[in-house]
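Participant: As a plain string of letters, each chain reads:
Number of protein chains: 2
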Amino acid sequence: MSLSLNQWTTRRWSVAEAVAGCVRHDLEAIGLWRQDVAEQGLAETVKLVRAAGLRVSSLCRGGFLTAGGLPGEEGRRAFAEALDDNRRAVDEAAELGAACLVMVVGGLPGVRPGEPLGERIGRTPGEGPAEPSPFSRDLAGARERVAEGLAELAPYAGERGVKLALEPLHPIYCPDRAVISTLGQALDLSLPFPQEQVGVVVDTFHVWWDPQLFEQIARAGDRIASYQVCDYLHPLPADVLLGRGMMGDGVIDFRPITRAVLEAGYRGDVEVEIFNADVWAADPDEVLATMKARYADVVLPA
Amino acid sequence: MSLSLNQWTTRRWSVAEAVAGCVRHDLEAIGLWRQDVAEQGLAETVKLVRAAGLRVSSLCRGGFLTAGGLPGEEGRRAFAEALDDNRRAVDEAAELGAACLVMVVGGLPGVRPGEPLGERIGRTPGEGPAEPSPFSRDLAGARERVAEGLAELAPYAGERGVKLALEPLHPIYCPDRAVISTLGQALDLSLPFPQEQVGVVVDTFHVWWDPQLFEQIARAGDRIASYQVCDYLHPLPADVLLGRGMMGDGVIDFRPITRAVLEAGYRGDVEVEIFNADVWAADPDEVLATMKARYADVVLPA
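Read top to bottom, the protein sequences are chains Z and R.
Following full-length UniProt numbering, the numbering of the first sequence begins with 1 at its first residue and continues without gaps.
Following full-length UniProt numbering, the numbering of the second sequence begins with 1 at its first residue and continues without gaps.
Note that these hints are calculated values from the structure, not bench results.
Given the structure is predicted, the values throughout are model-derived calculations rather than measurements.
We put the beta carbon where it would ideally sit given N, CA and C, even for glycine.
Be a bit skeptical, because a hint or two may be false.
Computed beta-carbon distance windows for the label pairs [claimed, not checked]:
{"#": "1", "chain 1": "R", "residue 1": "G114", "chain 2": "Z", "residue 2": "R12", "range": "27 to 37 Å"}
{"#": "2", "chain 1": "Z", "residue 1": "D138", "chain 2": "R", "residue 2": "A277", "range": "28 to 38 Å"}
{"#": "3", "chain 1": "R", "residue 1": "A52", "chain 2": "Z", "residue 2": "A140", "range": "48 to 58 Å"}
{"#": "4", "chain 1": "Z", "residue 1": "R12", "chain 2": "R", "residue 2": "D278", "range": "50 to 60 Å"}
{"#": "5", "chain 1": "R", "residue 1": "E286", "chain 2": "Z", "residue 2": "P113", "range": "25 to 35 Å"}
{"#": "6", "chain 1": "Z", "residue 1": "A282", "chain 2": "R", "residue 2": "E28", "range": "53 to 63 Å"}
{"#": "7", "chain 1": "R", "residue 1": "E115", "chain 2": "Z", "residue 2": "S2", "range": "34 to 44 Å"}
{"#": "8", "chain 1": "R", "residue 1": "E28", "chain 2": "Z", "residue 2": "P113", "range": "54 to 64 Å"}
{"#": "9", "chain 1": "Z", "residue 1": "E263", "chain 2": "R", "residue 2": "E44", "range": "54 to 64 Å"}
Could you put together the complete structure from these sequences and hints?
Facilitator: Here's what the structure looks like:
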């Protein structure tokens with residue numbers, strides 16, 4: 001296993017700067033985000049990573065397939081748009097030779113990431129919602145939409161040599177970002193498809209609490225498409241999206257998880273993906289130095 | 001099933017006021033908290049609930065058994081103190097004739113509820129923690145301490161006719177409040193003990209997201225000792241403890257969960273426990289009226 005920088009850990013850096021930073025710090029791989037790749041230009045990004053001799057450990061991200069759960073025409077249109085966008089993401093991942101396309105599958109239909117549910121919800125004392133909800137509470141249905149979307153996308157990805165990596169997110173993100181909350185659930189969704197087409201992500205921030213974590217990592221075996229590490233801060237900041245911390249700054253005991261991922265057969269890159277206001281404010285070169293030292297200190301098994 | 005007021009839903013009310021409120025609103029049961037019972041006086045509380053003809057659907061709470069995971073003498077003392085406090089809680093539950101004693105089992109050893117991890121954690125760039133952690137990251141060990149504590153307490157509770165109700169908490173509370181995060185995990189911990197001694201709590205706020213929820217409710221069957229309902233607000237407030245909302249104000253689809261709990265055989269009271277700054281600021285009588293209406297509108301199956 002070798003260390004990889006997910007570029008949002010040094011978010012102020014452009015793709016070109018992040019690639020140069022990886023070279024400066026002797027990293028062999030980088031995880032990229034679609035919008036940053038678009039800013040740099042896809043062809044230019046391909047040139048940069050090849051010239052630097054870097055592997056692209058992942059492209060973030062596809063997914064958000066659940067809006068199809070909205071009723072009628074709105075739902076059909078949202079589902080079709082999501083599939084089109086995911087096909088574009090697959091094409092970009094193929095261009096970049098990314099090891100996988102990370103899939104954040106989406107939350108409850110009509111709930112937008114980080115946005116409130118809407119003023120109309122349940123504000124009338126003594127009555128149910130005054131008007132029909134602008135979103136759906138059908139969690140089981142949303143999970144079915146994900147399976148339907150994968151059935152559309154997996155063959156398309158397979159033809160282009162791209163692996164879709166289903167990422168279970170911490171249950172706190174279930175309403176708005178991912179109705180896949182556990183590794184076992186992600187694994188169950190991946191099994192109908194060839195392993196070359198659909199795998200799973202093990203991200204310590206999202207799964208560290210799971211009582212079934214170690215049995216599910218063993219069960220996942222070669223389905224593990226990406227291993228991402230960052231710590232879980234406690235208490236979480238008001239914006240829970242920024243609760244990801246440098247390894248050693250939170251509550252996670254990394255070594256047993258890394259050992260389990262190794263024993264499951266994973267030999268890919270280990271991506272460090274940290275969304276954190278303090279880390280983003282720090283000097284990116286210092287962040288990379290700390291990241292490398294902490295990786296050796298607390299992530300790698302003795 | 002019949003509706004029960006957990007007294008923290010109308011937190012500004014004393015036990016006496018909450019009992020009077022239940023009578024005023026034709027409720028048959030109330031859920032009590034130890035510190036409020038202590039303020040009213042245990043004997044006086046027993047008199048009040050009997051005179052009002054109320055059932056005590058639960059006493060909150062026992063638990064916090066994981067501090068025993070701290071090293072050496074400190075751990076041994078913390079574990080012994082926790083067991084003593086839990087025995088007192090069992091005695092109080094017996095006095096009150098409570099249907100169960102709710103057990104919030106505790107988080108990582110040394111992490112205090114709602115408090116930060118401590119300044120010393122992982123703040124040294126390029127190194128691990130500068131000093132030994134004031135807490136333990138041994139999640140598996142903490143879970144073993146819970147099982148050990150239950151082995152001590154279950155027979156004691158059984159002799160007094162009290163049922164310990166293990167409550168899985170949402171994974172966001174895993175660091176500081178409960179290393180039991182799923183219903184299946186709570187059930188596994190309960191099975192070594194007679195059903196009269198150890199059961200489980202189904203609290204919609206904590207378990208709504210769980211992909212295994214319905215199969216685990218069916219599996220729980222008669223082990224379900226308490227069914228608590230409140231909604232899951234999105235986004236959560238900065239103080240995540242206050243993210244519990246009135247039914248209908250959040251993302252939970254209650255009817256399928258209530259139906260599953262009924263099909264599992266549960267016929268006890270349905271407790272409404274809401275920690276929410278707006279609800280606490282409102283007129284408690286209005287809160288009870290809204291609670292009853294919402295229960296009929298969105299919680300009870302059609």
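Participant: List in ascending order the numbers of the hints, as given earlier, that are violated by the structure.
Facilitator: Hints 3, 4 and 8 contradicted; others consistent.
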